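A.B. asks: Here are the chains, one letter per residue:
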Amino acid sequence: MDFFLFVEGPLLWIAFLTFFIGSILRAALFLSVSRKRDKIIYQYFSWKYVLATLGRWLLPLNKDVTKNPIFTILGYMFHICLIVVPIWFSGHISLWEESRFEWYWTPIPDGLADWMTLIFMAIALFFLLRRIISADIRLLSTFSDYLLIVVVALPFITGYFLTHGTVDNIGFLGDNIQVIHMLSGELMLILIPFTKLSHFVLFFFSRGATAIEFGRRGYSV
Amino acid sequence: MSQRADAKNIEQVNSKEIKEIEPKEIMGFLKSKMSARFKMWLNICASCGLCADTCHYYLSSGKDPQMIPAHKVRFLKEILKKKGKVDRDFLQKVYHTVYHECNMCRRCTMYCPFGIDIALMISLLRSLLLSQAIVPEGLLTTVKNYNEFGNQMAISKEDWVDTVEWCEEETADELVGLKIPIDKKGAKILYTVNAREPKFYPQDIMEVAKIFHVAGEDYTLPSEDGWDGTNLAMFCGDAKTARLMVENTFKRAEELEVQQVAVTECGHAYRALRFEAPAWLGYTPRQEVVHSVELFHDYIRDGRIKLKDKIKEPTTVQDPCNVVRNGGLAEKNRRLAEFLSEDFRPMKYQGNYNYCCGGGGGALPMGGEMKKYRLASGKIKAEQIRETGAKIVFVPCHNCIDQIRDLSKEYDLGIKAIHFKEAITEHMEIPEEMIPKEDED
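Going down the list, the protein sequences come from chains A and B. Be aware that the first sequence starts at 1, since it is given in my numbering, and climbs by one per residue. Be aware that the second sequence starts at 1, since it is given in my numbering, and climbs by one per residue.
These aren't lab readings, by the way, just hints derived from the structure by calculation. Since the model is a prediction, treat every value here as computed from it, not as a measurement. All C-beta atoms in this analysis are idealised placements derived from N, C-alpha and C, irrespective of residue type, glycine included.
So the derived label-pair ranges between C-beta atoms look like this:
#1 W115(A) x D298(B): 54 to 62 Å
#2 K33(B) x T142(A): 20 to 28 Å
#3 V84(A) x E78(B): 37 to 45 Å
#4 L17(A) x E137(B): 51 to 59 Å
#5 Y146(A) x Y349(B): 31 to 39 Å
#6 K416(B) x S220(A): 30 to 38 Å
Isolated chain B (complex conformation) (with noise of 0.2 Å):
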């Protein structure tokens, strides 16, 4: 039901058409979804503020009241009070308030005596906002084009497979025997990327099929829907796009047997994939799901990609949220960082307790309208990476590392910020076999 209706407002919205709110529709829409803990943590907020400084918005923003995260759920409880009875200016300020002052990161719930989980009601709230039609046109992009084209950046299948191919050309001249390999079936691993990838960062794949080529690992690329791991219709609360994009995944994997589904270094398809598929499916998926920061610590631990030396300059690395706090990845991040480095320096609160840096929950996706949120509350991430005098900043997430090379522009801070795959393929030794021989040119 809530899917067809998820499917009527894109298409509403595509249509540009401005309809009547409905409180009818509204109070059935929260009916639908209040869960038993949301009712719980409406009613049991001691509204203590214990939140407040928890929350980088809040913070960046010297302390406004209006940023404290129990403050931003008011509406909630508001549009029930009025049993749904809002116009379109009262949406309005929701949607100014749940898209451009909260990245959903959940650092206040980390904090919350009661665990309340404010940035699920604020999911909720985007999603209220869906079914009225009402959608950041940067993420309603997204969510067309995976529709129409099965990844966030509208590239057909043709294009996929030439610029994979053309990834394999470029990267086979460096390492002798380097394939990558499309539609292997019965690989171990399916390696989904970011669409950005092909579109924007094609050194990505190459840098992957480097790794993967040095550890020897057994892994194939899907030709079809599914290479994208990306799922930003989570975060505008479009649940039906949220199932096809991983649905698409999960079916590649079934048709490939592989064993598991690997995630580029991206935050949200990792999230997305491994913890929010089962409830978007109904079922678990057999695969399991693993995120890079895992397989590339997992390398190194295990002796599968040897260094033959150490990143000199100081680093630091940058806990995304759906990665570290909701991925469960903290440990193997760190360590990563630290097996790459000489000079490694931890942030404060790094870990489980990390901030965000301000681009997350579909900041970066939502382009130009959030360019000034972003980076007035990534303020306190500048601040955390300038107190560690790092001059490199690994950061294993497509949204964050954006975020963080604006930050630089903007603060000054003076870093480089690079996926971990970029440190590895720099410093990994490189099995003679595979050096290739001079003078067969």
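This is chain A alone, in the form it adopts within the complex (with noise of 0.2 Å):
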């Protein structure tokens, strides 16, 4: 099989089937393991800390957003274009639309990808550089924590220049740039669920427990 049509079928598959289903392994060896282990958060379960917490929490409604103003609110921005992108970008949903599932819905302007893609670009170079100047933050850092930035920010960098583009001449990159944009997406996919990436799920689980662990204390955080 050429290597273009695996790229875009079977490996595509294998990487939303990858993405999907380790997700959800994640979240049920959480629940398993906790319901022996972690037996104070079913003990003292309360929706409405649960519901708080992730409320404050999602939206910049917390602590942080008064501590560190720039950071919180850039990674409020991170996290928006990194989801919104990917889903509403009009070119992905007609890649759906052609599919066979035959899906379709109302994408967000070019123009706003565009500049979400280019936001996100620079707060994703921002986060690398602050990790590699802040001598705070390079001595908690592990290789992981730089790969991961490049990861997540891959599939935007050869989105952009798909669009674009901007590598159209450049021999190789040029050439391939479409099969290196999907291939850097798929990267991302599969290494969510073995990665800290995994938060995108597990984040609802211990924000959960820990405003239970308050909430039995009589307050929300």
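Make the complex out of the two chains shown on their own, each in a separate frame, by following the hints.
C.D. replies: Set out below in structure tokens:
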């Protein structure tokens, strides 16, 4: 099979299935182990505190916004772009439309997708530099901390090149930018369940567990 | 199983036997303790560094990166990665970090976007050290005393009862009809003290007796083990002794058929009895556990205690980690201070987000070994207090009060740190019938 067809077909399936099944297993593993080892969560479980904490931290309504406003706001923007662009970019939606599923949903304007991509790349670069320059963050950082920033930034960089023809005249890159873009996205999807990118699902459990721990003391965190 | 292991380890430490580090034992221990939360937290920490400037050790050390909370728990990851193959030097490093550089105050958790509970992981590391017979001398002494005498200060039952009776005699002159009931069956409240009170601060017992008398409270003290509410065993991960202590108290509560267990102005005793006891005991005791701050607040709010006047000098109030952040009494603590003050000045971050004083998590009872670290890390609290301009600091915790008194000397704050009891007894209205008649002399 042609490599392009492989990346576009079976590998895409593998990536999506790894991402979905892996994320579900991550959640299932937490739930099954915590039932035995973290009984406190279930003993004092309260939707009130769980929902309050998720609202406070999914929206910029928490203490970090006032403590580290710049970093926090950049963090929110980074995550919004990371989720919105891949799902609502018109080019991606038309692929879904052409696929066997024939799914369609309203895309965001291409100009907005462009801006969000640029903003995302700028913030990713800032995070990477901050990790290298700040002695504090450097000490905390492991290899995967650097690597994962690159991994999530790559689909955006290659996507930008692809839609703008930036590297079309650069030999190998120009010829293969579409397959490189797809590969980078697939790499990210596959890595999510196995790395700290799994926080995309575990965030909810971690915040929930801590909200219950303090909720049983009568206040919401 | 693990409780028996704890007992064995305490014996080992007692006998001063230095044993070999057994990687298998370390891994076995960690496997038995690694909860789903610990695994998740080690996995997802994004090393974002937002916890750094939430920590008083980080801030007071001139922002030393080594003091970043997320960095302090790296040992847990390392030990797991090395499959427990670590040496005593490595464990000494762990010891230095988890005992000398963290009060387990949980302030960092408040600011972690994932809500990662660093203090819980530090606590796990402390109990891992105990499993290898590494434990601070100061805490070990209290653990021995708990097991031998039922209280941290090695006070005999006779001395305890004598002290309470003496407190009653001393105070009876001041308030007509004052009694300190011992073992009164069917009383509403079983009041537990910090063993430092009969040993060094009997005025604490006298003051609370006056408050209870004026408020018309139906309470009792137990003569048997269980009267010391403190639980320093929990700071070195000794679950067996921790359980023994709460068990004693609730046993007395059952025997005396009380409805509530009240705790003196001590933070960790309250946390242990109210929030940790169910996990240690395996069941939730029937008696409600209340802290003095709550009792005193409600007495004044409900008019059971009336104040004749308020403190005129500027005041502020400390939020002990185990009363406020880990005890849920932020509002009542602050309001009680406001009730008693004409010029109350809140600290920056007053309430659940306040800084630790540097004396928590066993730092005070660790004694001399810890002194320089706690005085250094207390700099943040000292600055907070200075900023308010307060002259009186209410401190509803035995560890915090010693620390803040030390900080006042070290940083020349010129403040007076007092328990709420002292202020209440001084400023409460004594009902006519309780005022002794002079001519009876």
